[in-house]
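> Read off the chains here:
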Amino acid sequence: DAEITQSPRHKITETGRQVTLACHQTWNHNNMFWYRQDLGHGLRLIHYSYGVQDTNKGEVSDGYSVSRSNTEDLPLTLESAASSQTSVYFCASSVDPDGPQHFGDGTRLSIL
Amino acid sequence: GESVGLHLPTLSVQEGDNSIINCAYSNSASDYFIWYKQESGKGPQFIIDIRSNMDKRQGQRVTVLLNKTVKHLSLQIAATQPGDSAVYFCAESRDYKLSFGAGTTVTVRA
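Just so you know, the sequences run in chain order Y and S.
When you line the first sequence up against our numbering, it's residues 1 to 112, in that order.
When you line the second sequence up against our numbering, it's residues 1001 to 1110, in that order.
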């Protein structure tokens, strides 16, 4: 079955370090998204991509970057991790940019 | 500002009863809405969606109702089961991007 996988599932790092979270989908979806989930805020969009070489900023993009070199992967990079970026991160993909998104099981990131 | 929100943060339901989860939105230009279910330690799972040209859509044990006049969305779950215990989110599509509410935690009592 096609799926979307995120790695690692859990990570602890220190402030100032660069961190990359992986997202891989086997549905061949053009559209991919990164969200963070914090208590009281629901899911907030960080970055999104509508295809290879396309990336766009979302609602809370400061301190994050993404790259899209192929259809399957959209890695999320925290250039210099800050404690405010401690969160659960979810990746999603969709076949239609205005259609249902399918989510991975998340990465819990703690920045000390 | 405009936002998607849920009326109640928690809902306790007796097993076998019907559940109704509500969501209010304020952007009249939104044309697509989705309900997600999230279990502990998992990502949001798609339940059902509805476009603004519809008032009602049914799935397996679930029904979504859309009232554009009062900007209200609801999810009805028939014969609620213990496996329905989760956090439920509504999401609104604006400019091809989803905005999520904070979620309603549903607890099913045996």
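Heads up, some of the hints might be wrong.
As the list claims (entries may be wrong) - PhoX-like, lysine-lysine: derived pairs with alpha carbons at most 25 Å apart: (1) S:Lys1056 x S:Lys1068; (2) S:Lys1056 x S:Lys1071; (3) Y:Lys11 x S:Lys1042; (4) Y:Lys57 x S:Lys1068; (5) S:Lys1097 x S:Lys1071; (6) S:Lys1042 x S:Lys1097.
Derived from the structure by calculation, the hints contain no laboratory data.
These numbers come from a predicted model, not from an experiment.
> Output the numbers, in ascending order, of every earlier hint that fails for this structure.
4
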